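Asks: Chain residues, written in single-letter form:
There are 2 protein chains.
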Amino acid sequence: MELNEALARLDAAEKKLYAYNTASSALYLDGDTVAPKDTAEGRGVALGILAGEQHKLMTDPALDETLAFLKEHKDELDLAKNREVEELSRAVRQLKRIPAEEYMAYAELTNQASDVWHRAKETSDFELFRPCLEKLVAYNRKFAGYYDPDKAPYDALLNEYERGVDRAYLDGFFAALREKLVPLIKAVGEKPQPDVSFLHRHYPVEQQRKFSDYLMEVMALDRAHCGIGETEHPFTLNFNSQDVRITTHYYEDDLASSMYSVIHEGGHARYELDVDPARDYTVLAGGVSMGVHESQSRFYENIVGRSRPFIEAIFPKIKEFFPEQLAGVTAEMFWRAVNKAEPSLIRTEADELTYCLHIMVRYEIEKALIAGDLTVKDVPGEWNRLYKEYLGLDVPDDRRGCLQDSHWSGGSFGYFPSYALGSAYGAQMLRNMERDMDVWGPVGRGDLSGVTGWLKEKVHKYGGLLTPAQVVANACGQFDPTAYTDYLTKKYTELYGL
Amino acid sequence: MELNEALARLDAAEKKLYAYNTASSALYLDGDTVAPKDTAEGRGVALGILAGEQHKLMTDPALDETLAFLKEHKDELDLAKNREVEELSRAVRQLKRIPAEEYMAYAELTNQASDVWHRAKETSDFELFRPCLEKLVAYNRKFAGYYDPDKAPYDALLNEYERGVDRAYLDGFFAALREKLVPLIKAVGEKPQPDVSFLHRHYPVEQQRKFSDYLMEVMALDRAHCGIGETEHPFTLNFNSQDVRITTHYYEDDLASSMYSVIHEGGHARYELDVDPARDYTVLAGGVSMGVHESQSRFYENIVGRSRPFIEAIFPKIKEFFPEQLAGVTAEMFWRAVNKAEPSLIRTEADELTYCLHIMVRYEIEKALIAGDLTVKDVPGEWNRLYKEYLGLDVPDDRRGCLQDSHWSGGSFGYFPSYALGSAYGAQMLRNMERDMDVWGPVGRGDLSGVTGWLKEKVHKYGGLLTPAQVVANACGQFDPTAYTDYLTKKYTELYGL
Chain A
1 MELNEALARL DAAEKKLYAY NTASSALYLD GDTVAPKDTA EGRGVALGIL AGEQHKLMTD
61 PALDETLAFL KEHKDELDLA KNREVEELSR AVRQLKRIPA EEYMAYAELT NQASDVWHRA
121 KETSDFELFR PCLEKLVAYN RKFAGYYDPD KAPYDALLNE YERGVDRAYL DGFFAALREK
181 LVPLIKAVGE KPQPDVSFLH RHYPVEQQRK FSDYLMEVMA LDRAHCGIGE TEHPFTLNFN
241 SQDVRITTHY YEDDLASSMY SVIHEGGHAR YELDVDPARD YTVLAGGVSM GVHESQSRFY
301 ENIVGRSRPF IEAIFPKIKE FFPEQLAGVT AEMFWRAVNK AEPSLIRTEA DELTYCLHIM
361 VRYEIEKALI AGDLTVKDVP GEWNRLYKEY LGLDVPDDRR GCLQDSHWSG GSFGYFPSYA
421 LGSAYGAQML RNMERDMDVW GPVGRGDLSG VTGWLKEKVH KYGGLLTPAQ VVANACGQFD
481 PTAYTDYLTK KYTELYGL
Chain B
499 MELNEALARL DAAEKKLYAY NTASSALYLD GDTVAPKDTA EGRGVALGIL AGEQHKLMTD
559 PALDETLAFL KEHKDELDLA KNREVEELSR AVRQLKRIPA EEYMAYAELT NQASDVWHRA
619 KETSDFELFR PCLEKLVAYN RKFAGYYDPD KAPYDALLNE YERGVDRAYL DGFFAALREK
679 LVPLIKAVGE KPQPDVSFLH RHYPVEQQRK FSDYLMEVMA LDRAHCGIGE TEHPFTLNFN
739 SQDVRITTHY YEDDLASSMY SVIHEGGHAR YELDVDPARD YTVLAGGVSM GVHESQSRFY
799 ENIVGRSRPF IEAIFPKIKE FFPEQLAGVT AEMFWRAVNK AEPSLIRTEA DELTYCLHIM
859 VRYEIEKALI AGDLTVKDVP GEWNRLYKEY LGLDVPDDRR GCLQDSHWSG GSFGYFPSYA
919 LGSAYGAQML RNMERDMDVW GPVGRGDLSG VTGWLKEKVH KYGGLLTPAQ VVANACGQFD
979 PTAYTDYLTK KYTELYGL
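For the record, the sequence lines run as chains A and B. In terms of my numbering, the first sequence has 174 at position 174, counting the first letter as 1, and numbering is strictly consecutive. In terms of my numbering, the second sequence has 975 at position 477, counting the first letter as 1, and numbering is strictly consecutive.
Hints were generated in silico from the structure; no laboratory data involved. Only a predicted model underlies this, so the values are computations on that prediction, with no experimental measurement involved. Beta carbons: idealized from backbone N, C-alpha and C, even for Gly. Check the hints yourself; a few may be wrong.
Between beta-carbon pairs, the in silico distance windows are [what the hints assert, rightly or not]: (1) B/Asp573 / A/Glu232: 38 to 46 Å; (2) A/His202 / B/Asp984: 52 to 60 Å; (3) A/Asp38 / B/Asp978: 58 to 66 Å; (4) A/Ala100 / B/Trp938: 55 to 63 Å.
So that you can see chain A by itself, here it is in the shape it has in the complex (with noise of 0.2 Å):
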């Protein structure tokens, strides 16, 4: 084989993998927001086959023989193609371990379960979704042991998501959140709570997608390569580089709501749009993990977008949107509205105080699970035996409760705890950004030009150019929880005066 034969059976091997990922995200998409109910299952059939075929490609003995070649030659090869050998081969590696037929049967389970969760959370019906989240729980602990035999199951899924994390590593994090997060929240639970009550006054749905226009324009979301759409559950998908989509979900009683969810959306859009066009249809194409992707995100819904001096920008526009409900109602105390901390039920709603909680129950519901210490039938009971013991709430069903998140049902497991690792990255991200630049005067003024440059500079712009590990190194330096506990302790002392 001569190099350039070989780098054009790459180029093609990624191409066509590109392709069969975004028919895959079309019909995911359109299943997803467009779809009428009750058509899931020519769309699961044609999933299975297209991941029938993706994983031919993918077991294709010839792509071995090329990649083995381009190992040989990686000399001769520049950082990005060595990079996606890598991570191509890497990925091989790991669907090997997955027989096409459970692959395949994978793939239609998980197109099934999302219909099914999504009847099953509107009844609030856990017995429904019961049978599916069972299959899944068993798939994943099966595929567990193909990714990695040796390590202990859930240890070999939370690797798939952010590699290098265990359970060592997260049960270090989260005690060390825990010994800071829990007298901060139970002194805040002694203060005063900020009014909220305009928060929930009647917000019309075509007001608020306007509000979601302009908050898109204030993150430089070029509308031409970025879409809104709405859906059960807010998520953001990406085609390649100058096609991303976002969803949010409006309710006319809660301003913050969807407001919070376009600029978490949009920071994961802002991420996959400034990577380099260059890494476009090679697998280097869109964020390098989910951590790194959530510290984005939360960095644009949290870090900024719950901060004074943003509010302070933004909110005379606010009021241009909704003068009536806002009418009295300044800046201050919107901010502090925006940010008032205390235990509630819902995840995605959760203040920036508490939300690791949220993250802490289903880490801990996740890893007896696939340890096998918990069977599916009691998820519910564990799970609202955990919000009494870590948040002190009763949960009143399982719409509110186990079946709130989409991530099960959709097959993640060992997601959740990137959320978390994620909003430790970004307080690290900012504390470096802080040393680089004046952040808050722009911002104050509205301008997120620095903070996106910054951020493109040292994440968004790689892709998978740099691995995880190497683009947080890049980012925040040395991995450390004391930035974030530091954030969160100086953020809501000032809010609560403590």
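Dock chain B against the given chain A, drawing on the hints supplied.
Replies: What follows is chain B alone, placed relative to chain A:
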């Protein structure tokens, strides 16, 4: 090879084709409905690759072998399997005449052209679209030679859409129409026109959306299996018999436009949803030909939807949706207004009587373009000349002229005549339906179940199980354009008191 193995191979190939079609359809649907403006490139790359994979599958010698084996065993196969073998063999034969690179390049071109056409139409800029159209014409001339080198190129293309149809057949058909319709249109033109002003009052989009829901209900289109979206140019897309989408376009100053788009596309959807689900995931899924499809959409739109009994049945409900706009309007006034016949510029909004003249313009231009008798740069001039000659109108700009339809941008040359044929088939179906049952009594009570039941039995349920000619024979008998001219003569004589 064993028979069972061959059947399993056939099934696998058909399912894969279904998956590729579903993937491409999802990408097209996204591109036409919610995708951000500047995202065609990445979609084009994916569509090109999917088309390439589909091409590879269709031209795989193993498939040939399977089909050949099954043909040898045709006596052991049931009607459906034999038809699948026949249709797939035909598709393979035709595809093999197109080299893979051209096939892929063409898929990318049509995706790009659709995007360019949208922009060109928006700005009425034919020059922007011209290079695309030149390439599309060149490809189609070339493809025509691949399809059937013994036929003149346009005849070969016509045969793709409606087997057995050629210029001789159409020249005769259109001549017969012209002979009857020209004096009829002239006679109508000498009569006073009905008042249509109330159709152009302010009809808010939000209320029109609810009206669309009602119309879909009247047509018994199950919303759990049939979605509605909004696009520039309305269309119907079928994923499978359980998942069909229609689109419409709302104009706030025109009630009839979207109303009849919904009924028209609803007719296509009715057909798709009524095909026997046993045909799903096979090459016999979906409507059998463009002509038969248009016969159904136009049957619902014109023969039923613009009939006096139907209008009388639904008019009280229409008034509930738009009480202010329709104050003082009677069902008879509404019936006369939606049937106003007058030469006009836009095909999709043309009345039933003059509609075929729009088709004749396109037919003449396509015929000349593909024959090489007309160059692309001369299309606007020729278009405008023919509109003057056939309809007596001056075309003010290309947006309302040769850029108005999406068909050419999608690579469809030879499709337009199907609309006229479909109208003629529909009139023959009505003649037969009236012999079999009381059509207008139930329609006059808003009950379309009899009409739909007849069409399902005679046309819909077969999908591709019968050939297009068999379906037409089954529902129409021997093709006879006089059923159509008789129908129009009777209708417009009553409307205009000729």
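Asks: Which earlier hints turn out false for this structure, listed by number in ascending order?
Replies: 1 and 3
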